[in-house]
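Undergrad: Residues per chain are reported as follows:
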Amino acid sequence: MGSISVIAWMDEVSAVIAAEADHLTQLDAAIGDGDHGVNLTRGFLAVREAVASSGDLPPGRQLILAGKTLVSTVGGASGPLWGTALRRAGRALGDAPELDGARLADALDAALAGVVELGAAESGDKTMVDALRPAVAALRAAVERGASLAEALEAAGNAAAEGAQATVPMQARKGRASYLGERSIGHEDPGAASTALIVAALGRALSA
Amino acid sequence: MGSISVIAWMDEVSAVIAAEADHLTQLDAAIGDGDHGVNLTRGFLAVREAVASSGDLPPGRQLILAGKTLVSTVGGASGPLWGTALRRAGRALGDAPELDGARLADALDAALAGVVELGAAESGDKTMVDALRPAVAALRAAVERGASLAEALEAAGNAAAEGAQATVPMQARKGRASYLGERSIGHEDPGAASTALIVAALGRALSA
Amino acid sequence: MATEVSAASMRKLLNDPADVVKESLAGLAAAHARVLRYDAEAQILTRTDAPVSGKVALISGGGSGHEPLHGGFVGKGMLDAACPGEVFTSPVPDQMLAATKAVDGGAGVIHIVKNYTGDVMNFKLAAEDAADEGIHVESVLVDDDVAVQDSLYTAGRRGVGATVLLEKIAGASAERGDDLSTVAAIARRVNERARSFGIALSSCTPPAAGRPIFDLPVGEVELGIGIHGEPGRRRGPLGTARELAREMVEPVLSDLKPGGSRVLAFVNGMGGTPELELYLLYHEVDKLLRAAGLEPTRNLVGSYITSLEMAGASVTVLELDDELESLWDAPVDTPALRWGV
Amino acid sequence: MATEVSAASMRKLLNDPADVVKESLAGLAAAHARVLRYDAEAQILTRTDAPVSGKVALISGGGSGHEPLHGGFVGKGMLDAACPGEVFTSPVPDQMLAATKAVDGGAGVIHIVKNYTGDVMNFKLAAEDAADEGIHVESVLVDDDVAVQDSLYTAGRRGVGATVLLEKIAGASAERGDDLSTVAAIARRVNERARSFGIALSSCTPPAAGRPIFDLPVGEVELGIGIHGEPGRRRGPLGTARELAREMVEPVLSDLKPGGSRVLAFVNGMGGTPELELYLLYHEVDKLLRAAGLEPTRNLVGSYITSLEMAGASVTVLELDDELESLWDAPVDTPALRWGV
Ligand SMILES: Nc1ncnc2c1ncn2[C@@H]1O[C@H](COP(=O)(O)OP(=O)(O)O)[C@@H](O)[C@H]1O
Ligand SMILES: Nc1ncnc2c1ncn2[C@@H]1O[C@H](COP(=O)(O)OP(=O)(O)O)[C@@H](O)[C@H]1O
Ligand SMILES: [Mg+2]
Ligand SMILES: [Mg+2]
Ligand SMILES: [Mg+2]
Ligand SMILES: [Mg+2]
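Top to bottom, those sequences are chains A, B, C and D. The first sequence begins at 1 in the UniProt record's numbering and counts up one residue at a time. The second sequence begins at 1 in the UniProt record's numbering and counts up one residue at a time. The third sequence begins at 1 in the UniProt record's numbering and counts up one residue at a time. The fourth sequence begins at 1 in the UniProt record's numbering and counts up one residue at a time.
One or more of the hints may lead you astray.
Stated by the list, open to error - Simulated crosslink set (BS3-like; lysine-lysine; CA at most 25 angstroms straight-line):
1. Lys22/D - Lys22/C
2. Lys101/D - Lys22/D
3. Lys68/B - Lys101/D
4. Lys287/C - Lys68/A
5. Lys68/B - Lys22/D
6. Lys287/C - Lys22/D
7. Lys68/A - Lys101/C
8. Lys68/A - Lys124/C
9. Lys68/B - Lys124/D
10. Lys101/C - Lys124/C
Since the hints were derived computationally from the structure, they do not count as laboratory data. Quick caveat, the model's predicted, so the values are computed rather than measured.
Go ahead and model the full structure; you've got the sequences and the hints to work with.
TA: The following block contains the structure:
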């Protein structure tokens, strides 16, 4: 059935965020303050190092470490949000030895709940929630209908990407972009865009 | 033989300086601080009004009034320099009833002496002196060889214009442009350019 | 990062764009060693005599790029510590916790939080951590920006100019020995009685981004901007200072609805607008306030809460009473505000 | 003027470009009525308690656009009066004479003159007029700019950053009751012991001209600029703050050849460079001075002598002795510099 290596996931996230940093920052410049790419690059680089050098921890502990590291290095809105997300995911996993499909669905559920609890964003507010929630739902559905983890991750990745794309026509109601009112319409939300990258990276962190 | 009306001269100067203000300012922006056109426009507008409303004064008094007005309204380098020039010209005239060719030559001699005394510029230093000195010399020569005042003024005007043009290849050694060192080469001196306009205006202030 | 950003790609005095904040803080500390200290490890600034035993401590923080806010306001009579984040990025809870611990004199610590999602969340996590360590933290939110309308459908009003006034006045309250709830109440009073509105005449370039956040042609103005280089609520043709002053003062007053007549008028530069223009704008603001029956008995004119080198200005009006006035006048000894000392 | 220049053609807060100076002065006076008065007729600023009987009076003046210089330095412990000219244009002798008469307390008046052809000539005419009226005027020339080389073939060194330090220190000397020749001698000592060097990262736009004085592409720097938006001595690629600091500090020190070890380090912004960068630059300057065996026991960092909204900075180093140090520390109460009061 396969499982996710947290180390590999964070490696992949760190690489793709760094590669897309400029694009994310430009998205943020359009409706925010132009730091989102830089923020996440700094954070996931630190996460990658922390996780890689943390020895032989169960995946739940690795995610908690990743979350704490994000909180401690990112700042801004995305730091506490993604930090809380990963910490909650880790706590949901507990000391489970493996991150398989069912556990991943639970973990991401917890992550989403943490983001919503801290940020109070609803679907349609033009935030990372608009990418994360459909991804979590797609993953859960795929796992429940017995799809392979690879298939489930593909479904989640697609849903996240579509969710991010769907933020373009939305008017922001949370975060910095909300200050623009109607002028926020017509731009992809940077946090949703990065969330799609982070979810898609799961597919590349799958070990047999 | 004809003579110069100070009122008409100041009228003409005021008009031509205002019309060329932008050009003078651009010349000053290249090697100075971009205010020469504005400075002289302000000054000669005030002079024109002062002289026009000063009643029936002899030309020497009118020139003294013009010079004082320039000093009081222009500031910068050009204010004291042209102010002193006109005051000295006026004093040289005394209470002479008319500003004919010979008197004009004396008056401009005194003006040049005043400028040199105050500013200590030598020919070739890339200043208004490079336009004024040849103009005064040409006027004096024309008057001495018995030319008409109109001819003398044309000669003076041409000499001033050539003198201004000759400042282009010079390296400035006085005033703000001198700070640029070799970078001042290749630009016409704004004060020489305005001096050429002021001298040329004499030709249009000639009454029969 | 995908693109190479270097000092030479911007009109900026810097070395590596990644080091701007740290190096600037080191310079601030070198220049003002009498007043404050820089802990490079914890990335915080504290007043040299911290912790002051028995005194309520005030800390604030936020993204960098708004200098002198907040670091320039650390010192006697104002902040006990500041937590500078990266440019336009909220600091992290670790900094706030370190600052809280460094300045706690036993009488409690106030966190002055500008109302931005990032700042609010990071300070929230820090306050939870501090509570775990037994430190009494009281958070005061600043949200004075009337340019943010429909705040039910937004992240709420932003904290802008009032932050400076609040830090000064609450700092004086703490300095004279008020207890935690008194200082917090005075701080909240300042926030309730202050309103602001800002405009931009140019964008600004965050060092790490390497290019301007938005394009604004000459002759146009962004109305209702915050302090993070973000575009404003709307864009319009650039009018005269007289017209612009009216566009700022009117929404401020109609929202503030001052009951009394005494106000503090704060004309703030966004970083790239020179004093010549700020005083010219102050002249217009002063006239408008008087025409509205208000007397600016106190004022502040200068660049105190900025957006890097953005051209523009904001106007903050704070309704005064005797106590706020005397707390404003009380001695202050920081790099950016100093009097009575 | 041939072209139409209006507020909307520039990124500036103004009404009519022709009124910028007057309206800004009115704002300065409205904001600082406690400290100074604006005589709109005579176009001068004077401290509220002028003339101070028996005190040597200090006046200075020059073109506007360098704010806070000089108007922001009028007040107790610094200037008795300032004469602001049009933007980048020396004031006229009438202003200087009016200022001289308004502040003369019977102990003589010092004219602090920055060494520019216009300033020198206008102050000279004013001093002659004052002498005619029986007022003892002593002129002190400021010429600290080492970027002007071969001064035999130029108008001589410009007066730049040292002006601020000189006005503060001579102001303190006058305030403590020194007589005319003592104050003048101290002022000249400051000028002799101070050197400056400035750089520009952008041009600036005088309101009446309506466009930038020069074009400077991003990535290039003008080295050896003055304060009138004029191009510098040469242009080069924009290096790091570290490299630029060296390009400024080296000519300053090699010309100053300090005998002692204590200096005042002044990092000045040209108007459009934010504090974040100025402190970063200060950090570099501080390190270079220490590496040269000098100790910056005093410093000043901020935009105090500017070129409108030009981006850039200058560095001034003043060699200190006990007396200069204590005069620097003496109380000062002006809009732009204030301590001890
Ligand atoms: N309340 C919120 N709930 C969920 N996500 C949010 C919220 N506020 C902001 N975000 C997300 O954070 C992103 C911005 O992150 P970032 O640029 O790093 O922080 P900042 O806005 O502080 O500069 C937004 O694009 C949005 O997706
Ligand atoms: N020492 C001097 N002697 C004669 N003319 C001078 C001298 N210094 C400057 N000038 C003239 O003054 C002109 C500049 O005038 P203006 O721009 O009005 O004053 P400022 O240089 O003070 O801005 C120069 O172009 C030059 O012709
Ligand atoms: Mg952002
Ligand atoms: Mg000029
Ligand atoms: Mg941010
Ligand atoms: Mg000038």
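Undergrad: Take the hints in turn and mark each one as holding or not.
TA: Taking the hints in turn, this is what the structure says about them:
1. Lys22/D - Lys22/C: violated (41 angstroms)
2. Lys101/D - Lys22/D: Roughly 21 angstroms separates the two Cα atoms, so the pair holds.
3. Lys68/B - Lys101/D: holds (20 angstroms)
4. Lys287/C - Lys68/A: Violated: Lys287/C and Lys68/A sit about 52 angstroms apart, past 25 angstroms.
5. Lys68/B - Lys22/D: It holds: about 22 angstroms lies between the C-alpha atoms, which stays within 25 angstroms.
6. Lys287/C - Lys22/D: Holds: Lys287/C and Lys22/D sit about 15 angstroms apart, inside 25 angstroms.
7. Lys68/A - Lys101/C: Given that 25 angstroms is the threshold and the Cα spacing comes to 20 angstroms, the pair holds.
8. Lys68/A - Lys124/C: It holds: about 15 angstroms lies between the C-alpha atoms, which stays within 25 angstroms.
9. Lys68/B - Lys124/D: holds (15 angstroms)
10. Lys101/C - Lys124/C: holds (16 angstroms)
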